[in-house]
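Visitor: Modelling step: build the complete structure from the supplied sequences, incorporating the hints.
For reference, the chains in residue letters:
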Amino acid sequence: MVTEKRVWEILDQVSDPEIPVLTIADLGVIRSVSQQGEGFKIVITPTYSGCPAMRVIESEIESALAKEGITDLTIETVLSPAWTTDWISENGRKKLSEYGIAPPVDEPDKSILFADAPTVSCPKCHSSNTKMVSLFGSTACKAHYQCNSCFEPFDYFKCLK
Amino acid sequence: MNSLFEYILRISDDSLILGQRLAEWCGHGPVLEEDIALTNISLDLIGQATNFFNYAAVVENAGRDADQLAFLRIDREYKNTVLVEQPNGDFGDTMVRQFLFDAFRKLFLERLQHSKDEQLAAIAEKSLKETRYHLKHSSEWVIRLGDGTEESHNRVQNSLNILWRYRTELFYMDSVDAELIQQGIGIDLNTFRNEYDTFVSSILEEATLTPPANNWSFGEGRIGKHSEHLGHLLAEMQYMQRTYPNMEW
Chain A
1 MVTEKRVWEI LDQVSDPEIP VLTIADLGVI RSVSQQGEGF KIVITPTYSG CPAMRVIESE
61 IESALAKEGI TDLTIETVLS PAWTTDWISE NGRKKLSEYG IAPPVDEPDK SILFADAPTV
121 SCPKCHSSNT KMVSLFGSTA CKAHYQCNSC FEPFDYFKCL K
Chain B
1 MNSLFEYILR ISDDSLILGQ RLAEWCGHGP VLEEDIALTN ISLDLIGQAT NFFNYAAVVE
61 NAGRDADQLA FLRIDREYKN TVLVEQPNGD FGDTMVRQFL FDAFRKLFLE RLQHSKDEQL
121 AAIAEKSLKE TRYHLKHSSE WVIRLGDGTE ESHNRVQNSL NILWRYRTEL FYMDSVDAEL
181 IQQGIGIDLN TFRNEYDTFV SSILEEATLT PPANNWSFGE GRIGKHSEHL GHLLAEMQYM
241 QRTYPNMEW
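Respectively, the protein sequence lines represent chains A and B.
Mapping to the numbering used here: the first sequence position 54 is 54, numbers consecutive.
Mapping to the numbering used here: the second sequence position 172 is 172, numbers consecutive.
To be clear, the hints were calculated from the coordinates, so they are not data collected in a lab.
These figures come from a predicted structure and were not determined experimentally.
It is possible that some hints are incorrect.
Derived PhoX-like pairs: lysine-lysine, alpha-carbon spacing no greater than 20 Å straight-line [unchecked claim]:
hint	chain 1	residue 1	chain 2	residue 2
1	A	Lys161	B	Lys136
2	B	Lys136	A	Lys131
3	A	Lys161	B	Lys225
Just a sample of chain B residues kept apart from chain A, beta carbon distances all over 12 Å, derived [claimed, not checked]:
hint	residue
4	Leu38
5	Ile123
6	Asn161
Heads up, the beta-carbon is just placed ideally off N, CA and C, and yes, glycines get one too.
Guide: Have a look at this one:
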C-alpha cells in the first residue's frame with residue numbers, strides 16, 4: 001500500500017517545467033496530499049493566475065504517479081489562500097541561487113506603491129550592488145536585474161505576498 | 001436574469017478585453033523590457049479572466065464553458081467598460097488607459113477579497129497580488145512620461161485629455177450591483193470613489209499633468225453598448241473559433 005509520505009517523495013522528484021532546477025514541492029504549489037478511498041487527492045495552487053505551466057504540472061503529476069502504479073487520482077486546484085513566495089522551501093531558494101536566479105527577498109510592505117526596490121544580491125558574484133532593470137522578466141514570476149559589480153544580467157524571483 | 005453571472009461577466013470582460021489589447025503589443029513594444037512587461041501583464045489579466053469565466057460558467061449552469069464565454073459571444077453580450085477596449089494608440093495612451101484601470105481595479109479587488117461569495121473572494125485575493133505590480137508599473141510610467149521631456153509631456157497630456165472621459169464608467173452601478181451588494185457579495189463602488197479620485201490626482205500631480213476641465217463622461221459598456229473598437233478587437237480575437245469551431249491546441 002502506497003502511503004501519503006511516498007506520494008510526497010514522488011512529487012519531490014517532479015520538476016517545475018519553467019524552472020527545472022526546482023521541484024514542484026520546492027515551489028510550494030502542492031498544498032496537500034490525502035488518501036481518498038483506494039487512491040489519492042492532491043491539491044495544487046497556481047503561482048500566478050495566468051501561469052501557463054499549471055496544466056503541464058498537472059500532467060506531470062499524473063505521469064509520475066502512474067509510473068508508481070497510482071492511477072486513482074484527483075487533482076484539485078484551489079486559489080485561496082493565494083500562493084506566496086514564502087512557500088518556496090529553503091532548499092528551493094538555495095537551488096535557485098545556484099542556478100543563477102536570485103531568490104525572493106523579504107520586501108517592504110506591499111501596500112506601499114513606491115517602496116524602494118529590494119536589495120537583491122547577484123547570484124554570480126554575490127555583490128549587493130545591483131539594479132532593477134524591469135519589474136517584469138522572462139516569466140510572470142521574475143523581474144529583470146543587473147549587477148553593477150560584475151555586470152551580469154540576471155533574473156530575480158520577485159516577492160509575491 | 002442571473003445577477004451573479006452578469007456581475008462576474010463585468011469583471012472578467014474587463015480583464016479579457018484589456019488583456020487582449022495588451023497582447024497586441026507583443027513584438028511592438030518601444031523597448032524589449034516593456035514588450036515583456038506588457039505581455040506579462042496581459043498574461044496575468046487573461047489568467048484572471050479565465051478564473052472568473054470558469055466560475056461564471058458554473059454560476060450560469062447552461063452548459064457553456066470558460067472558452068465559450070470568452071470567444072463565442074457577440075459584441076453586445078460583452079460587459080467590459082468602454083475604457084479597456086480603446087485602441088492602444090502610442091505607449092503613452094496605453095499607459096494612461098492602464099493607470100486609470102489599475103487604480104480602480106486594485107481598490108475594487110481589495111474589497112472583493114472580503115466578499116461573502118467564497119470563490120469571488122478567492123479569485124480577488126489571488127488577482128490583487130498581481131494587480132499591485134501592474135499599478136506600480138503604470139503609475140511609474142505616467143509620472144515618467146508626464147514629468148519627462150516636452151515631447152513626452154505633451155503627448156501623455158493629450159492621452160489623458162482623450163481617455164479621462166471613460167474613467168467614470170468604472171463606477172457604473174445598477175440593479176445588478178444593488179442586488180449583490182445587499183447579499184454581501186458585490187461591492188458598493190461609491191465607497192471608494194473618493195479614494196480613487198485622490199489617488200489618481202496625486203499621481204497626475206507628480207506627473208505634472210492636468211485633468212481636462214470638462215468633466216463629461218462616456219461609456220455604456222456595462223449594459224453592452226460599446227464603441228466601434230470592440231467589434232474590430234473581437235473579430236481578431238474570435239476568428240479562429242468562428243472559422244474552426246471547437247478547435248483546440
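Visitor: Each hint: holds or not?
Guide: Each hint, compared with the structure:
1. A distance of roughly 15 Å separates the Cα atoms of A:Lys161 and B:Lys136; the hinted pair therefore holds under the 20 Å criterion.
2. Restraint check for B:Lys136 and A:Lys131: the C-alpha separation of about 17 Å stays at or below 20 Å, so the hint holds.
3. For the suggested pair A:Lys161 and B:Lys225, the alpha carbons sit about 38 Å apart, so the restraint of at most 20 Å is broken.
4. For B:Leu38, the shortest C-beta to C-beta distance to chain A comes to about 8 Å, within the 12 Å cut-off, and the non-interface label is violated.
5. The claim that B:Ile123 is not at the interface with chain A is violated, since a C-beta of that chain comes within 12 Å of its own (minimum 6 Å).
6. The Cβ of B:Asn161 lies farther than 12 Å from every Cβ of chain A, with a closest approach of about 24 Å, so its non-interface assignment holds.
Going through the hint list in order, the structure does not satisfy hints 3, 4, 5.
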